[in-house]
Amino acid sequence: MELLPNVTMNHYLLVSVILFVIGVAGILFRRNAIIMFMCVELMLNAVNITLVAFSKVWGQSDAQVFVFFIMVVAAAEVAVGLAILMMLYRNMHTTSTDVLDKLKW
Amino acid sequence: MKELVITSLLGIGVLAFDILKLRKFILPLIVVGLLAVVGASIVDWGMNENLFGKNMIIMDNYALGFTSILCLLTLAWILTSTDYFTNEISRTDLYALVLFALCGGYVMCSYTNLVMLFIGIEILSIPMYVLAASNKRDMLSNEAGFKYFFLGALASSILLFGIALVYGATGSFQLDAIKNVLATAGSGTIMTAGILMIFTGFAFKVGIAPFHMWTPDVYQGAPTVITGLMSTMVKGAAFAAFFRLYYLGFTPTLEFTASIFAVLAGLSLIVANVMATIQVNAKRLLAYSSISHAGFMLAAVMTADSMNPRMLMYYVLVYGIASLTSFNVLYHVSKFQNGAEGFDAFKGLVKRNPVMAGAMTLSLLSMAGIPPLAGFMAKYFVISHILERGYTWLVIIMVLTSAVAVYYYLRIIVSMLTPIENAGRIVSTDSNRIGLLVLSIAMVAMFFLAAFV
Numbered sequence: 001m002e003l004l005p006n007v008t009m010n011h012y013l014l015v016s017v018i019l020f021v022i023g024v025a026g027i028l029f030r031r032n033a034i035i036m037f038m039c040v041e042l043m044l045n046a047v048n049i050t051l052v053a054f055s056k057v058w059g060q061s062d063a064q065v066f067v068f069f070i071m072v073v074a075a076a077e078v079a080v081g082l083a084i085l086m087m088l089y090r091n092m093h094t095t096s097t098d099v100l101d102k103l104k105w
Numbered sequence: 001m002k003e004l005v006i007t008s009l010l011g012i013g014v015l016a017f018d019i020l021k022l023r024k025f026i027l028p029l030i031v032v033g034l035l036a037v038v039g040a041s042i043v044d045w046g047m048n049e050n051l052f053g054k055n056m057i058i059m060d061n062y063a064l065g066f067t068s069i070l071c072l073l074t075l076a077w078i079l080t081s082t083d084y085f086t087n088e089i090s091r092t093d094l095y096a097l098v099l100f101a102l103c104g105g106y107v108m109c110s111y112t113n114l115v116m117l118f119i120g121i122e123i124l125s126i127p128m129y130v131l132a133a134s135n136k137r138d139m140l141s142n143e144a145g146f147k148y149f150f151l152g153a154l155a156s157s158i159l160l161f162g163i164a165l166v167y168g169a170t171g172s173f174q175l176d177a178i179k180n181v182l183a184t185a186g187s188g189t190i191m192t193a194g195i196l197m198i199f200t201g202f203a204f205k206v207g208i209a210p211f212h213m214w215t216p217d218v219y220q221g222a223p224t225v226i227t228g229l230m231s232t233m234v235k236g237a238a239f240a241a242f243f244r245l246y247y248l249g250f251t252p253t254l255e256f257t258a259s260i261f262a263v264l265a266g267l268s269l270i271v272a273n274v275m276a277t278i279q280v281n282a283k284r285l286l287a288y289s290s291i292s293h294a295g296f297m298l299a300a301v302m303t304a305d306s307m308n309p310r311m312l313m314y315y316v317l318v319y320g321i322a323s324l325t326s327f328n329v330l331y332h333v334s335k336f337q338n339g340a341e342g343f344d345a346f347k348g349l350v351k352r353n354p355v356m357a358g359a360m361t362l363s364l365l366s367m368a369g370i371p372p373l374a375g376f377m378a379k380y381f382v383i384s385h386i387l388e389r390g391y392t393w394l395v396i397i398m399v400l401t402s403a404v405a406v407y408y409y410l411r412i413i414v415s416m417l418t419p420i421e422n423a424g425r426i427v428s429t430d431s432n433r434i435g436l437l438v439l440s441i442a443m444v445a446m447f448f449l450a451a452f453v
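Chains as they are written, first to last, in the working numbering: chain X, 1 to 105; chain S, 1 to 453.
Source of the hints: derived by calculation from the structure; they are not laboratory data.
Note that beta-carbon positions come from the ideal geometry of N, C-alpha and C, so glycine has one too.
Be aware that one or more of the hints could be misleading.
[Claimed, not checked] Okay, the calculated bits of chain X under chain S, using three or more residues with CB under 8 Å as the criterion:
hint: 1; segment: 19-28
hint: 2; segment: 38-51
hint: 3; segment: 70-83
hint: 4; segment: 86-98
Isolated chain S, as found in the complex (with noise of 0.2 Å):
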């Protein structure tokens, strides 16, 4: 509850803030509201609280560690991109919409009736829109929020028909009551309908293959910085919300369906990986890496009777640095060469900007999956679990489509390596070197830190 109250008044306050003519306090602002958040849910820590007692939201461990985890990649997003908010009124606008977005993923995370999940959903969907297509007068963000819009309207308009078919065969939205009517009377034809439905809506909304069409669109074409929030705190709360579905509701369909899962989870991974490799830019290289991840992310989701959630979550913060740190990076590199998103914009790198260097190398690393970064852990945790579930073949494509990702992950280190001549240095501020410095200590000891998971 605190959570949610005190994220949506921060977003109020950041307008009033504005017409109060205090723009250079909203900063500050937001980073005080931010870590109010992260004492809160440490506050409300196993008190399990249920919103006006209605069921509709609970506050249980799950929700605040996923509410602590978005609310931290957030404020790590706000402080290492502030050089992009240069324009006073668009800062402030931008702001506020990540903040109201913020709230649709604490919904996302925390909902137990099948209501607050679609709006949740909405709540975080509609701000990511205009997002998506904040760049007014370029023709790639325009598309992208063209197609978001769409393919997103789409995804919601069928999820909500699976919804509305759950309902017809249950006679509730409420998770738990979904799952004994489930374990009792089994699922009918009305009921396997709205299942595949919903699990249609989300594949879509998360970017798994075949569903997958719009993420390397909408990545490339929406301005950088976005692109950073969009891979990290929506793709986080999606995954969330996609996990708390099969963890308390759906659970005992998963015995029939894990075999689609799993499918779609290997098909994510090879088709992510192969685009990958024949891509000349980089921001579409990294959204290609983006579903890679949401294969292995699907594959924990269809453990989800068995798995530990804290390794989801571990997966997604994990995840979420790395991906933060290379598209801040590519944004800030892109920036000094005329919007250039190849390889060869990243030459030189480790001349013109060591700390930069220093942290792409750590994040593709650890996106990759080598060991001493976080990002092996991540994967650890995946393939150990669903190989105890004997999925053997799934662990031997995640096994060879990370070593085809070392591959195109390196290609960009080595270029950043390649020296050029009369290069000029890439300066950043002084947030954005602490964040990026805190950052790449983050990832080296989150692995560390993987004990206590």
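Next up, chain X with everything else stripped away, as it sits in the complex (with noise of 0.2 Å):
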């Protein structure tokens, strides 16, 4: 963090928790299944930064190690994710949620 001196581990965690919270409160509230989509990934990337932020703290490179595994499940997720995203579009034509109805109760 010597590049940025006035930046502190804090101002890593807020940036991380920000972004944290608008995917869970996306997740939650929107009705776009591709907005939703892309919460997800807002989600696991928060995680990243604060992950690398936490590896320089502690001066250690087992966290940034992690992040590259994050990277792999999200691209794995996104595969699987995506399909039953087009299995529900050629069934229902619509990306929006309000569709999935059925399941109640």
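With the hints as a guide, dock the two chains, each given alone in a separate frame, to form the complex.
Written as structure tokens, this is what we have:
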């Protein structure tokens, strides 16, 4: 963090918490499946920022290695999630989640 | 190590056999392979193998016990539901996905590092999203897959953020290092937030109230055979991971968080049993029953510092057998009634297929906890242990809600005994008949074997 002397760990944490909350709120409140999909990625990337910042604080590289694992997992999730989304679009001809109301209580 | 290698090679082998047009050897291959995994865990017993010496995965007795339980449950699941996989191509795909998910289950019960915990959960979850949505033209299956995917991804992310915060507070992903920090330095703000987020993520994954809303939807929408796997293997693996986390890592936090655990366990029991009584769909009823069992298993996790892990293993195995049997019978019953899943579908089952009716009765009574069936001993272990720890109010809720549970389980049993006219027989395969008989015998035998737990 030598390049930015005034930026402390708390700033990194704040940014990642804000990103994470945007992601959670998007999943809970948005009705468009593709936006919800982007919110999943946003949450995972918020975690990546935290991990890299903490890795710098502790002077260890294991959290940075973990970030690569998270990226791989995120890619795998995208593959499966997009396939589910495609299937849904073929059956319902929409990406809105309002049509998914058959299962309740 | 051997267990993981055999199962992942088995998954690849299934796909290779499909390419090489050896499809009729796939089932024997899986049976031999999974039995070899159980054999390997017996050979490894007590060796505490540390994979590559990196302290990421340690195959201790806890891990090996759960590995064999998950493996046997999957084997029983495959053998009793062979007639679901009629389509040659989908059979190969689904078998391979189940085997890869099983590998994730092994990682989840043997990790000693939070990185491995996350990877294990994802290896297990991603194939399950596909399996839940595997009935492509069925709207309910689509909806189930969609909800499972998004809530699963949400839960994983919350858990992951928790892991990042715990790392920030302790500087390590290792469970023993985290335990040391917690025991000596206590927990600061970041640590507390991290632990609560990990707990929330797990609560989503295992389906505890108030994070259970996806469970009935997904269990009802997914193909019945897949639901059977979700409520046995996946639930067992998730609780194995949950218990291991508090058994090896977060043990010092239990004295502060046990009250949260107890409240959520009580809430799950009440919500699940009340909601189950008003259901008209048997599949959804069984989903709520699985939430109430999650409440029992959460009570076991709550006392992870003093409880013998073998009691949780026993609970997972006993509940797994009962749940597997009930979902399997439900699948066959609804298949011969054009997909009906109400209580009426069970009418006259005693005449139509006595083996299924007997197995279903035993499994429901076992889940209700009536002696001499294994479910009684499983509940007895949990209740007697938390009574020792002084949670009398939780025990009262457990006993009262178990009484409610008997009511809705009996509704299905009464329906099976109600005669109907011109009922056709429900035909099943030989392996299904033998499998259900073995599972029924196991439900009774496990009651008497409980003395060895």
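### Query
Which hint numbers doesn't this structure obey?
Violated: none.
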